[in-house]
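Number of protein chains: 2
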Amino acid sequence: MLKAVPQFKVQPAEKPGQRMRSRLLDAAAAQFKALGLTDVSVADIAADAGAFPSQVTYYFGTKEALFVEAACREMLYLARDAEAASSHPKNEHDYIETMVRSVIGAPGLNLFVEALALAHRRLDLQPLVQRTFERLDAESDRALRDHRARQRQSPGNTAVHAHRFWVIALGMGARGGATGESSEFLASEMLALIWGGAEGPRVGRQQTPSKGER
Amino acid sequence: MLKAVPQFKVQPAEKPGQRMRSRLLDAAAAQFKALGLTDVSVADIAADAGAFPSQVTYYFGTKEALFVEAACREMLYLARDAEAASSHPKNEHDYIETMVRSVIGAPGLNLFVEALALAHRRLDLQPLVQRTFERLDAESDRALRDHRARQRQSPGNTAVHAHRFWVIALGMGARGGATGESSEFLASEMLALIWGGAEGPRVGRQQTPSKGER
Numbered sequence: 099m100l101k102a103v104p105q106f107k108v109q110p111a112e113k114p115g116q117r118m119r120s121r122l123l124d125a126a127a128a129q130f131k132a133l134g135l136t137d138v139s140v141a142d143i144a145a146d147a148g149a150f151p152s153q154v155t156y157y158f159g160t161k162e163a164l165f166v167e168a169a170c171r172e173m174l175y176l177a178r179d180a181e182a183a184s185s186h187p188k189n190e191h192d193y194i195e196t197m198v199r200s201v202i203g204a205p206g207l208n209l210f211v212e213a214l215a216l217a218h219r220r221l222d223l224q225p226l227v228q229r230t231f232e233r234l235d236a237e238s239d240r241a242l243r244d245h246r247a248r249q250r251q252s253p254g255n256t257a258v259h260a261h262r263f264w265v266i267a268l269g270m271g272a273r274g275g276a277t278g279e280s281s282e283f284l285a286s287e288m289l290a291l292i293w294g295g296a297e298g299p300r301v302g303r304q305q306t307p308s309k310g311e312r
Numbered sequence: 099m100l101k102a103v104p105q106f107k108v109q110p111a112e113k114p115g116q117r118m119r120s121r122l123l124d125a126a127a128a129q130f131k132a133l134g135l136t137d138v139s140v141a142d143i144a145a146d147a148g149a150f151p152s153q154v155t156y157y158f159g160t161k162e163a164l165f166v167e168a169a170c171r172e173m174l175y176l177a178r179d180a181e182a183a184s185s186h187p188k189n190e191h192d193y194i195e196t197m198v199r200s201v202i203g204a205p206g207l208n209l210f211v212e213a214l215a216l217a218h219r220r221l222d223l224q225p226l227v228q229r230t231f232e233r234l235d236a237e238s239d240r241a242l243r244d245h246r247a248r249q250r251q252s253p254g255n256t257a258v259h260a261h262r263f264w265v266i267a268l269g270m271g272a273r274g275g276a277t278g279e280s281s282e283f284l285a286s287e288m289l290a291l292i293w294g295g296a297e298g299p300r301v302g303r304q305q306t307p308s309k310g311e312r
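Chains as they are written, first to last, in this note's numbering: chain B, 99 to 312; chain F, 99 to 312.
Bound-form chain B, shown alone (with noise of 0.2 angstroms):
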């Protein structure tokens, strides 16, 4: 499925430096999601890495720093599967829904919205994010745009715009992930808001207690 989205290249890790940069942003991103920032020790991350607590800080400076670089990676991660999921469509309705679905709910997501609550009081850390956005919204314009080709359709007629997907779906993760709303109620309120603006038809709202499902 990758080979269909040649759009979102992850850089080749040649280098021994990138290669223990790029297992250790691996081994950071699986403790922080399972467990978040407070909970989780340079320590823990550098041991299953299988590299000393000082290479963390080698590469990254801090916890802090490794944490907002492993989200946003994980972020265009997830971005990267979820047009792979989406890249072959019956229509346009049937890819922004397999958009939807693929991220609303995925960890990557929540992890990315508490990056960004992190880099609100780092500023050293914002110009990282801020090319996770660019990424994040040119990638996908991309990938929509290529779809339309595939699908003969004009580029520009129903231009769903890659910044409001992500705003939309950041504030649901945000939401959703402090509430225990379903990914289900959630994704379908993403929906409805895509297609409809605010003022689209409700839909059903479901609570799931437990946090099972995300």
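Note that these hints are calculated values from the structure, not bench results.
These figures come from a predicted structure and were not determined experimentally.
Ideal placement from N, C-alpha and C gives every residue a C-beta, glycine not left out.
One or more of the hints may lead you astray.
As the list claims (entries may be wrong) - Using C-beta positions, here's what the derived DEER-type ranges look like:
id: 1; chain 1: F; residue 1: G115; chain 2: B; residue 2: A145; range: 41 to 49 angstroms
id: 2; chain 1: B; residue 1: A132; chain 2: F; residue 2: R229; range: 21 to 29 angstroms
id: 3; chain 1: F; residue 1: R229; chain 2: B; residue 2: D137; range: 21 to 29 angstroms
id: 4; chain 1: F; residue 1: D222; chain 2: B; residue 2: P205; range: 16 to 24 angstroms
id: 5; chain 1: B; residue 1: A145; chain 2: F; residue 2: A141; range: 30 to 38 angstroms
id: 6; chain 1: F; residue 1: R248; chain 2: B; residue 2: G294; range: 20 to 28 angstroms
id: 7; chain 1: B; residue 1: G115; chain 2: F; residue 2: R240; range: 56 to 64 angstroms
id: 8; chain 1: F; residue 1: R250; chain 2: B; residue 2: R248; range: 45 to 53 angstroms
Chain B is already provided as a structure; the job is to place chain F on it using the hints.
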């Protein structure tokens, strides 16, 4: 102005315990807005409120619980103030625009985004967040219905659903707080999204390098 929106009732703090609780929440909100969760101590908040640190523990349990409760209360105050600012609009367009411009970039919105991210990992704090959203949605729904009744409009014909209004505001707040995009740009994007859905026309983009305007 507040008399115009009695729907956002703030409970009177009459009993001594309620007064102290309220003073601690005021002090917490001010300090957390200025410095964030990590850089504020329970002792700082207690000192500001003329209390002992043990009183914070007595009323709220943990610093995190105090953070989330203070942020939820600030969010409800912000919504009340935004409704008040919008209480004499020329028309519904003006009503929604004033609401958006009152909310986007407000410190209370950014604090609430941080509280949501914190509650992702704290199941014990999620019921408070759920109640805050229920109140936010219900009060905003009511404020819009009241506005329409005053304007002798049909209550249902152009329903901007409160739930979606706040989801978009949260997404914009999460993004803008972490990238430094200007409140002006984010508010324009939010208005375009409310009126045109994800497919409405793009607005011009402005970046501000400093946090001063937010």
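Evaluation of the provided hints:
no., hint, result
1, F/G115 / B/A145: 41 to 49 angstroms, "holds (47 angstroms)"
2, B/A132 / F/R229: 21 to 29 angstroms, "holds (28 angstroms)"
3, F/R229 / B/D137: 21 to 29 angstroms, "holds (26 angstroms)"
4, F/D222 / B/P205: 16 to 24 angstroms, "holds (20 angstroms)"
5, B/A145 / F/A141: 30 to 38 angstroms, "holds (34 angstroms)"
6, F/R248 / B/G294: 20 to 28 angstroms, "holds (26 angstroms)"
7, B/G115 / F/R240: 56 to 64 angstroms, "holds (58 angstroms)"
8, F/R250 / B/R248: 45 to 53 angstroms, "holds (50 angstroms)"
Taken one by one, the earlier hints all hold for this structure without exception.
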